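Novice: Could you slot chain B onto chain A? The hints should help.
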Amino acid sequence: MIHNTLHKLSTFTHFCKNKMISRKHTSLIFVLLPILIVLLFLLNIWYGSINISWFDVWDTLLLNETVNNTSEIIILQYRLPQAITALSVGIGLSIAGLLLQTTFTNPLAGPSVLGISAGASLGVALVVLLGGIGGIKFVGTSVLFGDMAIVLASFTGALVVLTIIVFVSRKVGNAVTVLIIGIMIGYLVSSVVGTLQFFSSSEDLHAFILWGLGSFSKTTIAQSISIFIVTIAISLVTILFIKPLNAFLLGNQYALSSGFNIKLMQSVFILISGFLIALGTAFTGPIAFIGLAVPHIARTIFRTSNHTVLLPAVMLIGAALTLGCNLVSKLPGYDASLPINAVTSMVGAPIVIWVIIKGRSMSNA
Amino acid sequence: MHNSDKVLLKLDNLTTGYSLSRSKKVALHQNINCKVGKGELIALLGPNGAGKSTLLKALLGIIPSLGGNIYYKGENLHEMSKKEIATLVSVVLTDKIEDRYLTSYDIVGTGRYPYGSFSGKLTDIDKEKISNAFRLVDAKELIARVFYSLSDGEKQKVLLARAIAQDTPLIFLDEPTAFIDSPGKVIIMNLINDLVLVHNKTILLTTHDTELALEYASKLWLLGKENYFEEGNPKTMVEEGMINKLFVRKGIVFNAKSRRFEKV
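Line by line, the protein sequences are chains A and B. Note that the numbering used here has the first sequence beginning at 1, numbered continuously upward. Note that the numbering used here has the second sequence beginning at 1001, numbered continuously upward.
Read the hints as simulated data drawn from the structure, not as lab findings. There could be a bad hint or two in this list.
To be verified - Here are the simulated DSS-like cross-link-like pairs (lysine-lysine), alpha carbons at most 30 Å apart as the crow flies: (1) A:Lys171 <-> B:Lys1024; (2) B:Lys1121 <-> A:Lys263; (3) B:Lys1257 <-> B:Lys1219; (4) A:Lys263 <-> B:Lys1025; (5) B:Lys1127 <-> A:Lys24; (6) B:Lys1024 <-> B:Lys1082.
Predicted, not measured: the structure shown is a model, and the values here were computed from it.
Bound conformation, chain A alone (with noise of 0.2 Å):
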């Protein structure tokens, strides 16, 4: 009996939540998140080892010529275009996500289950370690070409895994076969990458790890800007899908019987989230969590799975959550900050955790 008053109390006050949660607290965090990046980014450009005064961000950011010339080299070559690439970076890998986890309709999918992370590795492994091997020294000769020969390799690397994806789900059409056939070519180019660790020099070894270990503080204001503009009109892009996106959620079938060509749009979203997570590795390495956490995020937050408002919620706050991390990994005040993995994995790791176990208990309630 008591039992039975505490379910119908439970499912009435969960009925509330979902009513609460509708169009005006919706359209509420969607004002309130782009102030939040607004904040984030600021705090992203005033902060570091080295002090800046807000009059100095203000003056640099509005262009004025009254500023500081240290603070505006230091802002304009180094901490503006990582906090544009960290936001960019942000919203593509969330997105890559969201595309990733509605199209193999399984939760745990994200940017380094297909194997295209492990592909830009091979890529950048390649060139690092097999060139040291070769004798061929690409690291370190020139800054600049040895930048651009690792973004090339790591966004060739990606795509080729990427090419392999896409037509193996245009064969086979099941997407749990072609996310398992992600992740075990996933493993097979790591045993090569890992091979090739072993073969090569301990400074180039170094220069690859480092590559691993992922920061947004690689690019420069030129490519910071490139990153955000191509991130932006490839998410643009995506909201042409909203519908066979939404279908999808329904299952493979019912999308088809709602109209879609299911291998077409299964190849059309692998390729547009595999696009985003080469762009992103190539200039900042793996970044771990973002895309995997994100989606589901937005999900808990806003209560929907309909991709008119999760596309959107994605980019927002994927785009928060990525400079919320970059400004954390500034935080113990050293010269280097601390990896963005490092922290990215702190705080997304325990999120999904969280966020599975309260789906689990919402579900049996």
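Specialist: Chain B alone, transformed into the frame defined by chain A:
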């Protein structure tokens, strides 16, 4: 001309089955020829493993057929886009929907996707069709509920509403009464019957509730093993003992008088 207007679906020498590999194909039923006309309620009956779902999926283009042709309103399925098919036939399947946040309204809304623009925004016409669909299945109170939290019977009503909102002349239902309690089965079958009689739909359904299906169906498709396919009038088929022959099980017979399976 007049004839092709009335024939919604035509199976022309259709062979269904599945492929084990590129060269190895297993045909379940060969050279099926039949037509589906407007206003029919067809029950597809047969024992487990006879190939009912395979036939249904082949008709929808979910899996390829192994031979022959399928025509919707005279147009070959192979030459139709997915979108075109979606405006002619809607479905309720046995697939589980795992998503935990979609509301019933979201689910029924996807029924409107074959129409309209790129964006997921629903037009006034869409909204009207959706609320009309909820009204027809008598499930207005479920509109704002999370689909995942509904009972199997309620889920079935919502999925039926999705098919109605899709506004197609044909509706295919794969085991619409499975996992539903007895009064629920009758409610669902009555809704289906109304769709045919009152709302001019043509329905093809598979079911294991043979006794219930015989009460409502205007035509039967019997699907057995070893290439057995037969269509006909339920009354005649019952009286000629065809149901009994279809389900061969030791010690159990189908009584043509009581229209029930009984122990010998």
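Novice: Please go over all the hints and tell whether each is borne out by the structure.
Specialist: Against the structure, the hints come out as follows:
Distance hint between Lys171 of chain A and Lys1024 of chain B is fulfilled; the C-alpha atoms sit about 17 Å from each other, no more than 30 Å. Between the alpha carbons of Lys1121 of chain B and Lys263 of chain A the distance comes to roughly 24 Å, so the proposed pair stays at or under 30 Å and holds. The hinted pair formed by Lys1257 of chain B and Lys1219 of chain B meets the criterion: a straight-line CA distance of about 18 Å does not exceed 30 Å. Straight-line distance between C-alpha atoms of Lys263 of chain A and Lys1025 of chain B comes to about 22 Å, which keeps the hinted pair within the 30 Å bound.
With a C-alpha separation of about 21 Å, the suggested pairing of Lys1127 of chain B with Lys24 of chain A holds against the 30 Å cut-off. Distance restraint check for Lys1024 of chain B and Lys1082 of chain B: the Cα-Cα separation of roughly 27 Å lies within the 30 Å cut-off, and the hinted pair is therefore satisfied.
No hint from the list above goes unmet by this structure.
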